Amino acid sequence: MADKRDFTGPLMKNGRTLILAYDQGLEHGPTADFDTRNVDPAFIVDTANRGGFSALALQKGTAEKYYDGRTPLILKLNGKSTLPKGEPLSRQHCSVKYAEKLGAKAVGYTIFLGSGYEHEMVKEWGAIQEEAHERGMCAVLWVYPRGAAVPPDTQPDIVAYAARAGLELGADIVKIKYSGDSASFSWAVKAAGKAKVVMSGGPKTATDEAFLSQVQGTIEAGGAGLAVGRNVWQHPEPLKMADSLKKIIFENKPVAQVVAATPR
Amino acid sequence: MADKRDFTGPLMKNGRTLILAYDQGLEHGPTADFDTRNVDPAFIVDTANRGGFSALALQKGTAEKYYDGRTPLILKLNGKSTLPKGEPLSRQHCSVKYAEKLGAKAVGYTIFLGSGYEHEMVKEWGAIQEEAHERGMCAVLWVYPRGAAVPPDTQPDIVAYAARAGLELGADIVKIKYSGDSASFSWAVKAAGKAKVVMSGGPKTATDEAFLSQVQGTIEAGGAGLAVGRNVWQHPEPLKMADSLKKIIFENKPVAQVVAATPR
Amino acid sequence: MADKRDFTGPLMKNGRTLILAYDQGLEHGPTADFDTRNVDPAFIVDTANRGGFSALALQKGTAEKYYDGRTPLILKLNGKSTLPKGEPLSRQHCSVKYAEKLGAKAVGYTIFLGSGYEHEMVKEWGAIQEEAHERGMCAVLWVYPRGAAVPPDTQPDIVAYAARAGLELGADIVKIKYSGDSASFSWAVKAAGKAKVVMSGGPKTATDEAFLSQVQGTIEAGGAGLAVGRNVWQHPEPLKMADSLKKIIFENKPVAQVVAATPR
Amino acid sequence: MADKRDFTGPLMKNGRTLILAYDQGLEHGPTADFDTRNVDPAFIVDTANRGGFSALALQKGTAEKYYDGRTPLILKLNGKSTLPKGEPLSRQHCSVKYAEKLGAKAVGYTIFLGSGYEHEMVKEWGAIQEEAHERGMCAVLWVYPRGAAVPPDTQPDIVAYAARAGLELGADIVKIKYSGDSASFSWAVKAAGKAKVVMSGGPKTATDEAFLSQVQGTIEAGGAGLAVGRNVWQHPEPLKMADSLKKIIFENKPVAQVVAATPR
Amino acid sequence: MADKRDFTGPLMKNGRTLILAYDQGLEHGPTADFDTRNVDPAFIVDTANRGGFSALALQKGTAEKYYDGRTPLILKLNGKSTLPKGEPLSRQHCSVKYAEKLGAKAVGYTIFLGSGYEHEMVKEWGAIQEEAHERGMCAVLWVYPRGAAVPPDTQPDIVAYAARAGLELGADIVKIKYSGDSASFSWAVKAAGKAKVVMSGGPKTATDEAFLSQVQGTIEAGGAGLAVGRNVWQHPEPLKMADSLKKIIFENKPVAQVVAATPR
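Protein chains in written order, with our numbering: chain A, 1 to 264; chain B, 265 to 528; chain C, 529 to 792; chain D, 793 to 1056; chain E, 1057 to 1320.
It should be emphasised that the hints constitute simulated quantities derived from the structure, not laboratory data.
It cannot be assumed that every hint is accurate.
Derived, one-sided and incomplete: chain A residues facing chain D with beta-carbon distance under 8 Å [what the hints assert, rightly or not]: (1) 23; (2) 26; (3) 37; (4) 39; (5) 40; (6) 80; (7) 86.
Pairs of lysine-lysine residues, derived as DSSO-like cross-links and limited to a Cα-Cα distance of at most 27 Å, are as follows [said to hold, decoys possible]: (8) 1179(E) to 877(D); (9) 986(D) to 105(A); (10) 1141(E) to 877(D); (11) 365(B) to 101(A); (12) 454(B) to 768(C); (13) 651(C) to 986(D); (14) 387(B) to 633(C); (15) 732(C) to 454(B); (16) 722(C) to 1153(E); (17) 893(D) to 97(A); (18) 1157(E) to 897(D); (19) 123(A) to 915(D); (20) 1246(E) to 1032(D); (21) 625(C) to 1157(E); (22) 651(C) to 123(A); (23) 1260(E) to 718(C); (24) 361(B) to 101(A); (25) 532(C) to 1161(E); (26) 877(D) to 796(D); (27) 1179(E) to 897(D); (28) 387(B) to 629(C); (29) 625(C) to 268(B); (30) 387(B) to 613(C); (31) 889(D) to 1161(E); (32) 468(B) to 190(A).
Since the model is a prediction, treat every value here as computed from it, not as a measurement.
Glycine residues also receive a C-beta, built at the ideal position from the N, C-alpha and C atoms.
Just need the whole structure built from these sequences, with the hints factored in.
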């Protein structure tokens, strides 16, 4: 019979989580997403620590040179640049063992569901998931439907597919895009079953309310929380945004009340 | 001389078997096949237990989070989504060792016979089959002829080919599609020799009789039973359907008698 | 200096051999080659035993479920179906160690010389050959020139190429197609040097004489014998055909005399 | 928590470095870059030693046959010729262990960012980086954006992307092309964070001033130094050029002053 | 610091070598290159022994069945037939360990520089080279520029590129084609540095003088000698040709004098 341990413990508070994601330098390029402040990983590590984030997701090199052991670390084991065209494929550049040595409590991996190379990532992830659990580490799966044959990745059935793939492939936490409304997202959460669902923050929204409403929709749908990057560290006041997010995620406060409490 | 152990024991009763299959969340997507009831793996595990199924086939993550050790487990070691186009390829995401650790008595693997990647799956399966037998586990092979160059997969000679490939590649149980009638299916069963043949349930049929007749045809043809998903867990009364199936498979009852006994 | 052991011993009698081949179920499909009698591996094993064959070539699954340890076993380590189109590639599905465990005295492997994937098979075979010899097992190589760029595979220079590739790649026995006449086949035998050459039986011929003449041509050319399937087990009287073959191969009898002795 | 060791120590003096690169024989071919003097690796090793270079970058064979242990060695672990067309891919031909045995203090590896094979190099590098650090060796990454889909590789955002990829993938030192001016290059240096940035020397410039100005721009931008080949060993007086470079890199002297001091 | 052992010792006499190459059966096919005399490996082994050759290069199978331990053996670890079209790729079919067991003092490997699969061979060779040196064996690299994008392979700059690639990739001896004249070949020899250069014999020339002049040109250019097949074993008097070659290679005799001394 299966080991029924809950590997998500170190990243969760009462079943909820707020993850600061910072792998965009490799995934999108520094010029696309960074300014002179947030280009510095030290600023991000500090934001994670002071903002009370549940976890911090970093690539290998950033973790090795900047991580200070305070906020729980999710080490992203694979990555790619945005430059190659064709079917997306992101390969493992960090072993689970090395991630543990760098202090990680969890490992992260991206599968581009529907890519012509889906099979490569499914296979690579499979071995990662097993080793992570053998070392007592949480296995977090970014599931991004992407490829020439894939419908828009925020389409509700595609979002739910990503969530379900996360569950069946053994993710403890599955990070997926928001489907646009709480009702359709709740189907994705149901499809993920006992795998915890976190919404992927995505690009900076025009207003704080717009973003916070998505997060609230995620929580209402039964999601466990959020993995956010740009909407925090591109925000003029990252710690205030962090406070707003924590109120919605951990205290179930409505957006209107949260926004009123944090005027800008 | 070969080890003549029969590895199918834990999944069989008097040489017959009724397997509940539940990997469709990954293979087809949750929206295609599930409703709010059967999207929940707990419901499926419960159905398997209460319905007296011979075995339950799950992907790694579903087993790890839901399996309770009651119905014998077949762990599906490979899987793919329905999103990528091109020649089908499904790679291993779970080791035999991990499957055993999750409590499995058997491992399952899909080969898309005729795919341009057939060779990759033949090779991967080969190592799985050996390790399974070394651990005393049953090796179940889903053989699905599929690919641009492959004739319709319910064509009798193609069904028989799938069955024979299962035998020659070392499957203890081979799961194949129904060829449409008992006479042609009996050729597939003969081709499989001492490998046990189970019919693949396929999509929900319009009437119970239609499905039960296929199962009866399988049994009459010498098949060992059925691996069924949608025709049970999409059925309004899964346990009644399970009862009907058990009467046909284990008691050799004719469809007419079974249907009369279970009015809806 | 090299180990000069002769690994072919268990398969040879006075330097000659008659091998019963039975991997056509996977290679061609059961409907193409089998009837209700020869679809049954037990019939083939019995034919090998009673017909006094030097060896029996089986795929892993057939060996595991039917082999009885009487006729020496050649385990075919790779295989493919006839369904995929494009450049042919057949990958290893059985380890040398597992073959030994199944009771094999020899391992068999097919290389499609000239295929766009020739290199994959050359590499895979290389490791197999070494492990076989380390375990004291004979390494038998099926060399079939096949691929879009390959001339007809019974053309004498192509047959000789296959034979030579077998020698240089380390085969103890190389199985090749007949080149049509004894004179041209003797060049292939010369090219194979100390590697023993066996003719590949091919499809059932219209008359026994036609087939037996090819075998006689092989022996006259210096070949070691024959690996035959369909011309024996599709024959109405397999044991009589076996007797005819043994007279030609082991007693150097001419076809006319053999046919006269076994009227039908 | 991560190991915060600084692996760059043996290659650095006060945080600056001047590396002599000599892998052009394989990368470009000898006729493209060499004359009868610099074709001889002994001349290069001597130049590195007498010129006071911080490190010398060699391919495996050149190191094995010529390296004398005086200037710290960076062993280039992968390489390719310029002959194949299509998406660039350079694979590992030297293990980290062998590099260490050859006396290397650091290993070097090239990733063609944006290549259709980027993923292969990312994966291969990942394992190299870990083993290097486990052996206490510095991991130097050449990041060259190249491939059909990649913008010009001296475009500032592309240069900065290369730098950032180096940081996130775990490079201790990242070697990138110069972006044309100090202002834009300082963004690349910022993007690289705690990974040291060295400018890639590139082809021989028309005048010494042109090249020295680039180096000065790199230093002003916060770069750690230079990896130079042709602009030194194609120079009529390599040691004078080395002196000029050291003045700029280690003494922060302006180009005008350096050139005045070394008339030709 | 690197191990400065000279691994070429067993193949050299005063820094010169004369290698008998015999892998053409696999590389070109027996009908293309052989007659009834030289198709027999025993004849070749005898020729090597009696002709006083410095070394004999064989594929695995030929060595295993014919090698007698007298002339030092170079085991060719990879090989391909001439049948597949498309970018050339030759994969390893013999391990270094097995080569040593067969009595080899050296291993040989072919890289098709410029092939679309160059990277596969560079990688495979890299591991071979290291293991060979760890076992104290010489590593001989055949560098043949070949592929759709490659200029004619006897063009001087391409020949020099092959030589240099051999050096940088760690070959102890590099076998390259002759560039047509001694002057241009001396550039290739220079490019190879401390790697010994042997000329590849190529097809039988119309006259002995034509071939011997190439060899003399190689020696004058600083080359270490010759790896010859067809110009010896297709010669009516192989031992006389061997004598002529030895006079040129080991005694620096001019062609005119050598030819006068061996009238035909």
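Results of checking the hints against the structure:
For residue 23(A), the interface hint holds, since its Cβ comes within 8 Å of a Cβ in chain D; the closest pair sits about 7 Å apart. With a cut of 8 Å, the hint placing residue 26(A) at the interface with chain D holds, because the nearest CB-to-CB distance is about 4 Å. For the restraint placing residue 37(A) at the interface with chain D, the shortest Cβ-Cβ distance is roughly 10 Å, beyond the 8 Å limit, so the hint is violated. The beta carbon of residue 39(A) is positioned within 8 Å of a beta carbon in chain D (closest approach about 5 Å), and the interface hint is therefore held.
Interface restraint check for residue 40(A): the shortest CB-CB distance to chain D comes to about 7 Å, inside 8 Å, so the restraint holds. Proximity of residue 80(A) to chain D holds as hinted, the smallest CB-CB distance being about 6 Å (cut-off 8 Å). Below 8 Å, beta-carbon pairs count as interface contacts, and residue 86(A) has one with chain D at about 6 Å; its hint therefore holds. Among the hinted pairs, residue 1179(E) with residue 877(D) is consistent with the structure: their alpha-carbon atoms are about 18 Å apart, no more than 27 Å.
For a cut-off of 27 Å, the pair hint linking residue 986(D) to residue 105(A) stands: about 23 Å separates their Cα positions. Using a Cα cut-off of 27 Å, the hinted pair residue 1141(E) and residue 877(D) holds, with the two alpha carbons roughly 17 Å apart. The straight-line distance between the Cα atoms of residue 365(B) and residue 101(A) is roughly 25 Å, inside the 27 Å bound, and the hint therefore holds. Only pairs whose Cα atoms come within 27 Å are accepted, and residue 454(B) paired with residue 768(C) is accepted, the gap being roughly 26 Å.
Annotation: proposed proximity of residue 651(C) to residue 986(D) is violated, straight-line Cα distance about 44 Å (limit 27 Å). For the given pair, residue 387(B) sits about 22 Å from residue 633(C) by alpha-carbon distance, which is consistent with the 27 Å threshold. For a cut-off of 27 Å, the pair hint linking residue 732(C) to residue 454(B) stands: about 22 Å separates their Cα positions. With a CA separation close to 23 Å, the supplied pair residue 722(C) and residue 1153(E) stays within the 27 Å bound.
For the suggested pair residue 893(D) and residue 97(A), the alpha carbons sit about 25 Å apart, so the restraint of at most 27 Å is met. In summary, the hint linking residue 1157(E) to residue 897(D) is not supported, as the alpha carbons are separated by about 35 Å, beyond the 27 Å threshold. A hinted pair counts as satisfied when its Cα atoms are at most 27 Å apart, and residue 123(A) with residue 915(D) qualifies at roughly 14 Å. For the hint pairing residue 1246(E) with residue 1032(D), the CA-to-CA distance comes to about 26 Å; that is within 27 Å, so the pair holds.
Distance restraint check for residue 625(C) and residue 1157(E): the Cα-Cα separation of roughly 21 Å lies within the 27 Å cut-off, and the hinted pair is therefore satisfied. With a C-alpha separation of about 23 Å, the suggested pairing of residue 651(C) with residue 123(A) holds against the 27 Å cut-off. Taking the CA atoms of residue 1260(E) and residue 718(C), the gap is about 22 Å. The hint holds against a cut of 27 Å. Taking the CA atoms of residue 361(B) and residue 101(A), the gap is about 25 Å. The hint holds against a cut of 27 Å.
Proposed proximity of residue 532(C) and residue 1161(E) is supported: the alpha carbons are some 18 Å apart, at most 27 Å. As the CA atoms of residue 877(D) and residue 796(D) are separated by approximately 41 Å, the hinted pair breaks the 27 Å bound. For the hint pairing residue 1179(E) with residue 897(D), the CA-to-CA distance comes to about 22 Å; that is within 27 Å, so the pair holds. Taking the CA atoms of residue 387(B) and residue 629(C), the gap is near 19 Å; set against the 27 Å cutoff, the hint holds.
Between residue 625(C) and residue 268(B) the CA atoms are separated by roughly 17 Å; this keeps the pair inside 27 Å, and the hint holds. For the given pair, residue 387(B) sits about 18 Å from residue 613(C) by alpha-carbon distance, which is consistent with the 27 Å threshold. Taken as a hint, the residue 889(D) and residue 1161(E) pair is honoured in the structure, with Cα atoms around 24 Å apart against an allowance of 27 Å. Distance restraint check for residue 468(B) and residue 190(A): the Cα-Cα separation of roughly 22 Å lies within the 27 Å cut-off, and the hinted pair is therefore satisfied.
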